[in-house]
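Read the sequence shown against the numbering used here and you will find it ends at 141, with the numbers running on by one and no gaps.
It is possible that some hints are incorrect.
[Claimed, not checked] Distance ranges between label pairs, derived from CB positions:
| no. | residue 1 | residue 2 | range |
| --- | --- | --- | --- |
| 1 | H33 | S68 | 55 to 61 Å |
| 2 | S68 | R105 | 33 to 39 Å |
| 3 | L76 | D6 | 52 to 58 Å |
| 4 | I23 | G69 | 46 to 52 Å |
| 5 | N31 | A121 | 17 to 23 Å |
| 6 | V35 | V58 | 36 to 42 Å |
| 7 | S68 | N31 | 52 to 58 Å |
| 8 | Y14 | G69 | 35 to 41 Å |
It should be emphasised that the hints constitute simulated quantities derived from the structure, not laboratory data. Where a beta carbon is used, it is the ideal one built from N, C-alpha and C, also for glycine.
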Amino acid sequence: MTDHLPIQLALDVLATRHAYAVFTALLCIGLYMMIANPHLVKKIIGLNLFQTAIFLFFIASAYVHGGSIPIVESGGAPEATLVSPLPQVIVLTAIVVGVSLTAVGLALCVRIYTEYGTLRTDALREAMAEEDDLPAAGADSQGGERA
-5 MTDHLPIQLA LDVLATRHAY AVFTALLCIG LYMMIANPHL VKKIIGLNLF QTAIFLFFIA
55 SAYVHGGSIP IVESGGAPEA TLVSPLPQVI VLTAIVVGVS LTAVGLALCV RIYTEYGTLR
115 TDALREAMAE EDDLPAAGAD SQGGERA
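Can you make the complete structure from the sequences, with help from the hints?
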């Protein structure tokens, strides 16, 4: 009977904390996509999933049951439990940073694709290795380095 206690405990946590289960799933999927996928755009999608999981975690951990907005009438004391606006502000800032990071990553992908014709990391490694056999861009025609 006691052998089923950890499983029952895990199921109880899963049943009551849906957001944390979704957070864990998104985090694992995003991390797997960033590590295992050889395509750069899919790596960026994995990064976005990872970021979304972090946002969900912040919002879920800041949830207060029965909480209300933190606006107090002048001269009065708060009558109810208030919710801190700080996690929402942090998540909003992180979303802006995440969108900027995604835009820069996609712009780099466009540049890499126009330069090498592929976005697969294995093909990019081969193309960059072939490029290393060429003379350096800073070398002059006599074979000497420019100062």
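These are the hints, each one checked on the structure:
1. H33 x S68: 55 to 61 Å: 57 Å, holds
2. S68 x R105: 33 to 39 Å: 55 Å, violated
3. L76 x D6: 52 to 58 Å: 29 Å, violated
4. I23 x G69: 46 to 52 Å: Because 51 Å falls inside the window, the suggested range holds.
5. N31 x A121: 17 to 23 Å: Roughly 19 Å apart at Cβ, these two residues keep to the hinted range, so it holds.
6. V35 x V58: 36 to 42 Å: 39 Å Cβ-Cβ, so the 36 to 42 Å window holds.
7. S68 x N31: 52 to 58 Å: Because 55 Å falls inside the window, the suggested range holds.
8. Y14 x G69: 35 to 41 Å: 40 Å, holds
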